[in-house]
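Asks: Each chain, written out:
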Amino acid sequence: KNQVEQSPQSLIILEGKNCTLQCNYTVSPFSNLRWYKQDTGRGPVSLTIMTFSENTKSNGRYTATLDADTKQSSLHITASQLSDSASYICVVSLPPGNNRLAFGKGNQVVVIP
Amino acid sequence: NAGVTQTPKFRVLKTGQSMTLLCAQDMNHEYMYWYRQDPGMGLRLIHYSVGEGTTAKGEVPDGYNVSRLKKQNFLLGLESAAPSQTSVYFCASRPPGLGANEQFFGPGTRLTVL
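Listed in order, the protein sequences are those of chains A and B.
Each residue of the first sequence is one higher than the one before, counting from 1 in my numbering.
Each residue of the second sequence is one higher than the one before, counting from 114 in my numbering.
Bound conformation, chain A alone (with noise of 0.2 Å):
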């Protein structure tokens, strides 16, 4: 049932080396999708936000991209730091009029020094 799908669960990275997060989701249609870091302990705060007819957002060294035929969407994180020690959860907006969103569980980074 769950609408927003994210791989992989968990990661660990070497600081100063990419990273590539996915997001499969079934919502269809809908308004945008959004990626969001959570640091342990904070609130959700988002990063970037596509609209169905965007295919790339970026934000600093985070990339999202979108690939509204296959319902795949990607947060690519570009010469990781400590900092970017968190979970980033994908969001996606239920179809137009509908106040709700769908969340997925998350891929928790963890970037070693």
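Hints are all accurate, no fakes.
Okay, derived cross-link-like pairs now, DSS-like style, lysine-lysine, Cα gap no bigger than 27 Å in a straight line:
{"hint": "1", "chain 1": "A", "residue 1": "K105", "chain 2": "B", "residue 2": "K122"}
{"hint": "2", "chain 1": "B", "residue 1": "K122", "chain 2": "B", "residue 2": "K183"}
{"hint": "3", "chain 1": "A", "residue 1": "K71", "chain 2": "A", "residue 2": "K57"}
{"hint": "4", "chain 1": "B", "residue 1": "K170", "chain 2": "B", "residue 2": "K122"}
{"hint": "5", "chain 1": "B", "residue 1": "K170", "chain 2": "B", "residue 2": "K184"}
{"hint": "6", "chain 1": "A", "residue 1": "K105", "chain 2": "B", "residue 2": "K170"}
Covered by chain B, per the in silico footprint, the following chain A stretches (three or more residues, Cβ under 8 Å):
{"hint": "7", "stretch": "38 to 44"}
{"hint": "8", "stretch": "104 to 112"}
The hints are simulated quantities; they were obtained by calculation from the structure and are not laboratory data.
Predicted, not measured: the structure shown is a model, and the values here were computed from it.
Note that CB positions come from ideal geometry on N, CA and C, so glycine has one too.
Given the coordinates of chain A, work out where chain B should sit on it, guided by the hints.
Replies: Same frame as chain A, now just chain B:
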């Protein structure tokens, strides 16, 4: 501009006790939301409000009540707490017209029910 704030940050209750969680936002947002976040699960919507004096049920409303008497405040009440309500609760707000995803989250309230 404090954004979205939540009170308290932590709370421990005994089964059957009641409490109210307060969410306040100073961004003049129309829409406000209450979510719960449990280990291994995505955030789930409890209740939401599209304006002062209005509330609506979300995905998991049972055992909770809400009130939006003032535009800047959204209260979440637990009348008789149960261990299943042990969770981290997040409040969020957004202005109308920017799309459902444009939400700003508070820092969370960690609630334990014994």
